Amino acid sequence: MSNQAPAIEVKGLVKTFEGGRLRALDGMDIVVAPGEFVAVVGPSGCGKSTLLHLIAALDRADAGTIRVHGRDIASSGNLARYRAREVGLVFQLDNLLPTLSAGENVQVPMFEAELSAGQRRQRARELLALVDLTAKEKNRPAELSGGERQRVAIARALANEPAILLADEPTGRLDSESGRRVLDLIQQLRDQRGLTVVLVTHEADVASRADRIVRMLDGRAVPEEVPT
Amino acid sequence: MSFLALVLKNLFRQRVRTTLTVLGISIGITTVVALGVVTESLKASSGEILKLGGADFMVAQEGAADLSFSIISDRDAAALAERPDVARAEGALFHIVRVGSNPFFFLIGRRAEDLAANPPPLTAGTVWAPGASDQVVLGNRAAADLDATVGDAVTIEKREFKVVGIYRSGRLLEDGGAYAPIAIVAEMAGKSGVVTVVYITVKDGYDKKAVAEAIEQDFQNLATISDVEEYGKVDQGVQFLEAANLAISVLAVGIGAIGVMNTMIMSVFERTREIGILRAVGWSGNRILRMIIGESLFLCVVAAGIGAALGVLATRAILLIETIRNLLEPQYTVDIFIRALIVAVVVALAGAAYPAFRAVRLTPMEALRYE
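Residue numbers (this note's numbering), protein chains in the order written: chain D, 1 to 228; chain C, 1 to 371.
Just chain C, with the same shape it has in the complex:
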């Protein structure tokens, strides 16, 4: 008989209690995993926006509640373009509208020359020519949703556009939207003289990080984002979600630990005499401690596995909602599952601490006398 087998036998002697405890912790872990997936997916979507311009980094208004609310004046955009350390500064104006079944149709306003210089991967047609007005290049998901192809007309916010090209970037938001002339998008959004973001390509010989820092220094109202982890600078939504995720993790740990502690305390109380026997036959306090913590850890690791599986299923279920499917592509990163495991281990250790301490503190005779 191995030590693990002994631990398992102890757990399975009260099957219902063990199952209910595992279930309780699993629900907490499910929440942690599901929220983690949503947060990571949102960050990934944000990362897609970062990659749109194919530049070194992106500039947006600092402290915007949401990136789509970011405003950079044409004057600032021009000033960025004129910097000696900047090779290219391309402004883009975002406008999110409901089109077809997609409530998050991502309409991106760009200048014709910028689009021509740095076009999305076209699968059909071309980009619009300078001076064109009501023309769009559609993402393949949007084209499929609208059942449109090159030459067709599509209606975006009661305005009719001719589809001149179709692209497929592999990025959810971009492929579910379209590129249109920036002046038209500005008119539709009621945002003239501004852009949402500016994509910066640094001149050869300059350090990208140093240039980003210099821009933040020179433009106090702007923030630079080179990596998705910096997204919170310009999008409070991701920050709120991360804060909620942390809060729920802490709650899961607290509630889970109380549940585990209750189970382990009952288990230790019921087995007080048995613990006395173990001490009497020579088991050290350390081994008793390992047995109780082992039981708790096993409970929580199983719960972590079940919770992670349920979390994945929950996010799959969420993605059955079309609105969300257009916004998020689920990201099951290793970090999410590591976090779930950490939550489970912390729950196990916190829950087992007092029962284990109590068991070890008993002298063999005290435990043997216990009825």
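This is chain D alone, in the form it adopts within the complex:
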């Protein structure tokens, strides 16, 4: 690992729900280097998605710190700006806006980037080309296959050129061929753009695409292993 600050550094992260009765994260630690592709695996309810949501600043932790490129995100005065610029998020469900076309969905995060409408349109086309969906720019989500929708979601996640891509079970609802294409794309983005990728999955073959696997159990990381 190089001397530069980790892309993500999580320490002692605690998150509870239902008034403290449900402890989703219980002292979670994880460090991800810039450009690294890490898969977080574990059984259902072990806190994988919660970890991802906290790194994406969609929710607040009860305790612990999350540093992204050396900066504590809790001290960031503008979490919306952090979500818009620092991280790209891909959900298990594509979460595209149903009334907008593929191109328009990709443009949505760019409203926070002070780009003109023309610049937004141009960048969305480039991103759709990147995910091999140029021909589907005008199609609405309902007119796309599951795999295509997920690729649009990846293009949207890259809209503001974040350094980190967070993917929560991105292939969970896809057939194997579509899932493979999505994983190829993520790997290609990491290789070509140097993206740091944290991918949550419960599928071993998906995790095997990562540089490193972090296993979670009961809200904590268990010792790391290098995939063979």
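Read the hints as simulated data drawn from the structure, not as lab findings. On a predicted model such as this, the values are computed, not experimentally measured, just so you know. Among the hints, a few may not be true.
What the hints assert, rightly or not - As a list, the in silico DSS-like pairs of lysine-lysine whose alpha-carbon atoms are at most 30 Å apart:
#1 D:Lys136 with C:Lys9
#2 C:Lys191 with C:Lys43
#3 D:Lys138 with C:Lys9
Said to hold, decoys possible - Partial pick of chain D residues on the chain C-facing surface, computed with a CB cut under 10 Å:
#4 Asp59
#5 Ala63
#6 Leu79
#7 Arg85
#8 Gly88
#9 Leu96
#10 Pro98
#11 Ser101
#12 Gln107
#13 Arg120
#14 Ala163
A virtual CB, placed ideally from N, CA and C, is assigned to each residue, including glycine.
Go by the hints and put chain C onto chain D.
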């Protein structure tokens, strides 16, 4: 895609609901516009009366329910004329009667010498001579209605008058009426020894406003009107109408805001998860707020446009009634449409406030978990 395009897409996803909401607000705006036009038109008609004498200002009885009920004694009229700051004080007696198809025939009693000194713009004939009794100078609209010309006889309240002149002032009430000797009008109206109003021309070198104030000071029962906005001093009708207009505007705002709030709350509830997605991809609370208020504003501004158009059509329809056509000339002033727009904007902001607050208050995860 522009931000406005996004706002429009959100509105058009529920076309029926959006249309019904716009329609509901439009009806409120229609009422505001139509009543505004009627009020302004009445004020304009009142303004015409103010201009009749071609003087600096008009004096009438303070607090009269309607200007036609104003009574100023000949003694007060004479006292006004004798004031050192007054160059001319001309009394006029109004009598409104039904003549022909016009239920608001405006018969104006004036002295022959006053009429000769300050006649209406004659298109035919002349004014009557001093000492004349049953002679009138007819307005061109009245002449057309009665199919009368100079030399003809017309009957006004069972009394026959000879038409000695016809004028055209361009003022609705005046052109729909006639000038007759004041003594005859007093007899017809049963009002001897009084006039309705006195038109005052201030002597050179005196300040008009100061003279008006001095008259109000010296004659506690009289009010001076220099501008149509002061008309409420001597005509409660305009005041009542303005109060009704305000009340209806407030009601329109209240009812409209509830309608918009209902629409926007449903829209925000339905889109809670989508709002979560927007937050997740980096939209700030401020942008979400702008989106929801933008949707509400667009609804209401469209409704204002439709309501204003319907309001104009409604007043046009009202003017098909002959009685009203003789009384009012519609005044579509900018103020009326600005008021409609203000009502629409207030409705939009009031209606969007709670839904927008709710949307912004949700954390991204709360919104994303919403099913």
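Verification of the supplied hints:
| no. | hint | result |
| --- | --- | --- |
| 1 | D:Lys136 with C:Lys9 | holds, 19 Å |
| 2 | C:Lys191 with C:Lys43 | holds, 26 Å |
| 3 | D:Lys138 with C:Lys9 | holds, 14 Å |
| 4 | Asp59 | holds, 4 Å |
| 5 | Ala63 | violated, 17 Å |
| 6 | Leu79 | holds, 9 Å |
| 7 | Arg85 | holds, 7 Å |
| 8 | Gly88 | holds, 8 Å |
| 9 | Leu96 | holds, 8 Å |
| 10 | Pro98 | holds, 8 Å |
| 11 | Ser101 | holds, 8 Å |
| 12 | Gln107 | holds, 5 Å |
| 13 | Arg120 | holds, 7 Å |
| 14 | Ala163 | violated, 14 Å |
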